[in-house]
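Chemist: The residues making up each chain are set out below.
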Amino acid sequence: MSLLPAPDPTTLDPAHLVGAGGALGALARHEVARRIGSRPFPFSTLVVNVLGTFALGLATFVGLDGSALLFVGTGACGAFTTFSSFAFETVRLWETGERARAAANALGNLVGAGAALGAAWLLAAALG
Amino acid sequence: MTESHPLRRIETYALVAIGGFAGANLRYLAALLAPGLAGTLAANVLGSLALGFVLYEAIYAGVLAPETRSVVSTGFLSSFTTYSTFALQSAQSPPGLLVANVVGTYAFGFAGVLTGRALARRAVDRWGGPGDADADESGGEPAP
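Heads up: the sequence lines are chains A and B, in that order.
Just so it is clear: in the first sequence, position 41 is 41 by the working numbering, and no numbers are missing.
Just so it is clear: in the second sequence, position 55 is 1055 by the working numbering, and no numbers are missing.
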């Protein structure tokens, strides 16, 4: 028995759901970056983008919506993955003469995210 | 290294979480104002421009404090921009729009970083690096 009423997720402020998910996503991305690092190739951004795209794809394909999608999709997956770091790292590789790595990074994130969506779709189909 | 001090680690986590809360919410606002591909594109391009400015400022001069960089770049801007939503929205678009969105987001995103770099270069050329501000106070041209 609880003295407080159980929170009803449907009455939570969307900004709180998105914000809380965003804070968790950013912390998780920070942890991945601390462990994997980004030299000589920005693997940590590639990893968060592929994993986060897989998670968002799975959440969407299994039919998550409303508050759950705001928290998991818009908040956590949206913040866990990043375009700005990817763009900066790609430009930085290119301008420091690492053009093959820059191209591999640009293409790798795209192909990785596409494959992640395909895998999420297959898993969602198998589950449901 | 001071970075390994437990309080510094906790400080960084707190700043990253606060930045993530705010960045995700601003992206959500962009999605409400411009649903679909447009809101995501706007967030990714603006975020890339701002991150380009912050990180090139660090390379050129480093006036901004490392704590500011943590909250602004790893926290706020990296959460404001997103790859997952960009990828999913592209995949859910008709083939022509898919290609246009991928090419457009990449092109404008890279252009955003380069614009941020140019702005950082101008800011550093105009106002100088760390230490130059002290020189200004002792009789140099006042900063505009």
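Calculated directly from the structure, the hints in this document are not laboratory data.
There may be inaccurate statements among the hints.
Unchecked claim - Stretch by stretch, here's where chain A covers chain B in the computed footprint (C-beta under 8 Å, at least three residues):
hint	stretch
1	1005 to 1016
2	1025 to 1033
3	1046 to 1056
4	1069 to 1079
5	1086 to 1096
6	1101 to 1107
Stated by the list, open to error - Some residues of chain A that are not near chain B, with every Cβ distance over 10 Å (derived):
hint	residue
7	L4
8	P14
9	G19
10	L27
11	R29
12	A33
13	G37
14	P40
15	F43
16	G57
17	E98
18	A104
19	L110
20	A119
21	A124
Keep in mind the model is a prediction, meaning the values are calculated, not measured.
Glycine included, each C-beta is placed from N, C-alpha and C at the ideal position.
Chemist: Hints first: check each against the structure and report whether it holds.
Modeler: Hint by hint, here is what the structure shows:
Under the rule that three or more residues need a Cβ within less than 8 Å of chain A, the assignment of the stretch 1005 to 1016 of chain B holds, with 3 such residues. Only when three residues or more bring their CB closer than 8 Å to a CB of chain A does the claim for the stretch 1025 to 1033 of chain B stand; here the count is 4, and the claim holds. Restraint check on the stretch 1046 to 1056 of chain B versus chain A: 6 residues with Cβ-Cβ distances below 8 Å, three needed, restraint holds. Under the rule that three or more residues need a Cβ within less than 8 Å of chain A, the assignment of the stretch 1069 to 1079 of chain B holds, with 6 such residues.
With 4 residues having a beta carbon nearer than 8 Å to a beta carbon of chain A, the stretch 1086 to 1096 of chain B meets the requirement of three or more and the stated coverage holds. Evaluation of the coverage hint for the stretch 1101 to 1107 of chain B: fulfilled, as 3 residues show C-beta separations to chain A shorter than 8 Å, against a requirement of three. For L4 of chain A, the condition that its CB be more than 10 Å from all CB atoms of chain B holds, with the nearest at approximately 23 Å. Distance check for P14 of chain A against chain B: the nearest CB is about 7 Å away, which does not clear 10 Å, and the non-interface claim fails.
Its closest Cβ contact with chain B, about 4 Å, brings G19 of chain A to no more than 10 Å, contrary to its assignment away from the interface. Its closest Cβ contact with chain B, about 5 Å, brings L27 of chain A to no more than 10 Å, contrary to its assignment away from the interface. For R29 of chain A, the condition that its CB be more than 10 Å from all CB atoms of chain B is violated, with the nearest at approximately 7 Å. Non-interface status of A33 of chain A relative to chain B is broken: a Cβ of that chain comes within 10 Å, the nearest being about 7 Å off.
Every C-beta of chain B lies more than 10 Å from that of G37 of chain A, the closest at about 14 Å, which supports listing it as non-interface. Here P40 of chain A stays apart from chain B, with its beta-carbon at least about 17 Å from theirs, past the 10 Å limit. The Cβ of F43 of chain A lies farther than 10 Å from every Cβ of chain B, with a closest approach of about 14 Å, so its non-interface assignment holds. Remark: the non-interface label on G57 of chain A conflicts with the geometry, its nearest Cβ contact in chain B lying 6 Å away (cut-off 10 Å).
For E98 of chain A, the requirement that its beta carbon stay farther than 10 Å from each beta carbon of chain B is met, with the minimum near 15 Å. Even its closest Cβ contact with chain B, about 14 Å, leaves A104 of chain A beyond 10 Å, as expected for a residue assigned away from the interface. At roughly 7 Å, the least C-beta separation between L110 of chain A and chain B is not larger than 10 Å, which violates its mark as non-interface. Remark: the non-interface label on A119 of chain A is consistent with the geometry, its nearest Cβ contact in chain B lying 12 Å away (cut-off 10 Å).
Consistency note on A124 of chain A: stated as away from chain B, and its beta-carbon is indeed over 10 Å from all of that chain's, at 13 Å minimum.
When held up to the earlier numbered hints, the structure conflicts with 8, 9, 10, 11, 12, 16 and 19 and fits the remainder.
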